[in-house]
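Using the sequences and the hints given, assemble the complete structure.
Protein chains in written order, with the working numbering: chain Z, 121 to 233; chain D, 2 to 110.
Think of the hints as simulated: they come from the structure by calculation, not from any bench.
Fair warning: there could be bad hints in the mix.
Said to hold, decoys possible - Across the chosen pairs, the derived CB separations fall in these ranges:
1) Asp158/Z <-> Thr45/D: 16 to 22 Å
2) Ala189/Z <-> Val51/D: 32 to 38 Å
3) Lys82/D <-> Thr129/Z: 31 to 37 Å
4) Lys77/D <-> Thr219/Z: 33 to 39 Å
Claimed, not checked - To be clear about the criterion: a stretch of chain D counts as covered by chain Z if any three or more of its residues have a C-beta under 8 Å from a C-beta of chain Z, and this derived list gives those stretches:
5) 27-34
6) 38-47
7) 98-106
From the three backbone atoms N, C-alpha and C, an ideal C-beta is built for every residue, glycine too.
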Amino acid sequence: TAGITQAPTSQILAAGRSMTLRCTQDMRHNAMYWYRQDLGLGLRLIHYSNTAGTTGKGEVPDGYSVSRANTDDFPLTLASAVPSQTSVYFCASSDGKNTGELFFGEGSRLTVL
Amino acid sequence: GQNIDQPTEMTATEGAIVQINCTYQTSGFNGLFWYQQHAGEAPTFLSYNVLDGLEEKGRFSSFLSRSKGYSYLLLKELQMKDSASYLCAVSDGDYKLSFGAGTTVTVRA
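Following this line, the structure appears as structure tokens:
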């Protein structure tokens with residue numbers, strides 16, 4: 121069972137370059153999320169989408185953009201990366217009903233130099 | 002906004018019991034989650050509480066008091082594989098989860 125697939129697993133990026141982190145789910149979940157995880161700060165919500173065609177800003181959206189063209193895909197783009205965006209990024213999904221339990225991808229480790 | 006507090010670290014002996022507390026102040030509430038995260042891995046779901054009281058699931062139990070903004074996760078009969086971070090998270094009513102910084106539990110032989 122694939123669940124949520126993220127790519128790349130790890131990436132080193134020069135400051136000022138753009139980067140898209142890919143996220144695909146095969147559970148037909150309505151809602152998808154992007155979090156970043158930093159030591160001592162925990163998981164912080166960047167952007168979310170409650171359903172295909174809609175997106176919303178989370179706690180730390182600046183410097184990031186997302187799109188939700190269909191149910192399965194939710195890419196996260198860094199238009200011009202800065203060192204403070206060095207982090208581990210997790211994509212997650214939920215069925216948007218019942219408990220709202222999140223299912224996470226394996227994460228993408230991004231280093232911006 | 003959300004404010005979720007939990008201890009940074011806890012250490013316990015194999016076979017013992019550990020209780021991880023979580024306090025929260027949130028603008029909305031649609032349930033409280035506990036996740037487990039091993040180093041270098043994704044978080045995985047442990048428990049969900051939306052009503053006051055204790056939910057038991059094998060060696061793990063979770064308690065919620067909505068009036069006090071308080072929850073705890075109880076880990077019994079600790080095993081070495083329970084060494085991990087435990088994340089407390091609150092759902093705001095719009096199915097967005099806010100997370101605490103996590104509690105790292107180290108189990109010693």
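Do the hints match the structure? See the list:
For the hinted restraint 16 to 22 Å between Asp158/Z and Thr45/D, the CB-CB distance of approximately 20 Å keeps it satisfied. The supplied range of 32 to 38 Å is met by Ala189/Z and Val51/D, whose beta-carbon atoms lie about 33 Å from each other. In this structure the hint that Lys82/D and Thr129/Z lie 31 to 37 Å apart at CB is violated, the actual value being about 24 Å. Judged by the Cβ atoms, the range 33 to 39 Å given for Lys77/D and Thr219/Z is violated: they are separated by roughly 23 Å.
As drawn, the stretch 27-34 of chain D meets chain Z at 3 residues by the rule of a beta-carbon pair under 8 Å; at three or more, the given contact holds. Under the rule that three or more residues need a Cβ within less than 8 Å of chain Z, the assignment of the stretch 38-47 of chain D holds, with 5 such residues. Beta-carbon proximity to chain Z at under 8 Å applies to 6 residues in the stretch 98-106 of chain D; the threshold of 3 is reached and the given coverage holds.
Taken one by one, the earlier hints fail for this structure at numbers 3, 4, listed in ascending order.
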